[in-house]
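All chains, please: the whole structure from these sequences, using the hints.
Under the numbering used here, the letters of the sequence shown match residues 80 to 190, in that order.
Just so you know, these hints were derived from the structure itself, not from any lab. Since this is a predicted model, take the numbers as computed values, not measurements. Be aware that one or more of the hints could be misleading.
SDA-like mimics (lysine to any residue), calculated; alpha carbons at most 20 Å apart, straight line [unchecked claim]: (1) Lys157 / Arg82; (2) Lys163 / Ser142; (3) Lys163 / Phe83; (4) Lys117 / Val186.
Label pairs and their computed distance ranges (CB to CB) [to be verified]: (5) Glu166 / Ile143: 14 to 22 Å; (6) Ala169 / Asp103: 25 to 33 Å; (7) Thr159 / Ala120: 40 to 48 Å; (8) Arg189 / Pro123: 15 to 23 Å; (9) Lys117 / Leu171: 35 to 43 Å; (10) Ala114 / Glu166: 40 to 48 Å; (11) Glu126 / Gly105: 18 to 26 Å.
Backbone N, C-alpha and C define an ideal beta-carbon position, used for all residues, glycine too.
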Amino acid sequence: MDRFPLLAAGFQSPEDDTPFSFSDAGYVHNILMSAGFKDIAIVPYDEAVTSGDVDAMTRVLLSIGPLGKIARENAMIKSTAQPKLREALAGLENPASVALVASIWIVTARA
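Next up, the structure:
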């Protein structure tokens, strides 16, 4: 969910030592293994989340997450990103709302 608004607004989403690197199960596994954990199991869990219609979702995504941080710090970027984000979200709208998928890992391991 954090990447979508950045990409829709025209920003690149890095996959390195940022929080986005945790989207790679292998990266998470290697961290745990390096820390001495065993019996590591990593199971993906996806959930559709919504804040309402296109306008509501646009407002929310411009106020939270990585795009929200950028938008709060630079009004010009916010004004440029808003129509791009709204247009991208409009393509995902169904009669009731716009939903994006939030993805997490359910991780278990033994020390």
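Taking the hints in turn, this is what the structure says about them:
no. : hint                        : result
1   : Lys157 / Arg82              : 16 Å, holds
2   : Lys163 / Ser142             : 15 Å, holds
3   : Lys163 / Phe83              : 11 Å, holds
4   : Lys117 / Val186             : 12 Å, holds
5   : Glu166 / Ile143: 14 to 22 Å : 19 Å, holds
6   : Ala169 / Asp103: 25 to 33 Å : 30 Å, holds
7   : Thr159 / Ala120: 40 to 48 Å : 43 Å, holds
8   : Arg189 / Pro123: 15 to 23 Å : 20 Å, holds
9   : Lys117 / Leu171: 35 to 43 Å : 41 Å, holds
10  : Ala114 / Glu166: 40 to 48 Å : 43 Å, holds
11  : Glu126 / Gly105: 18 to 26 Å : 22 Å, holds
The structure agrees with every numbered hint stated previously.
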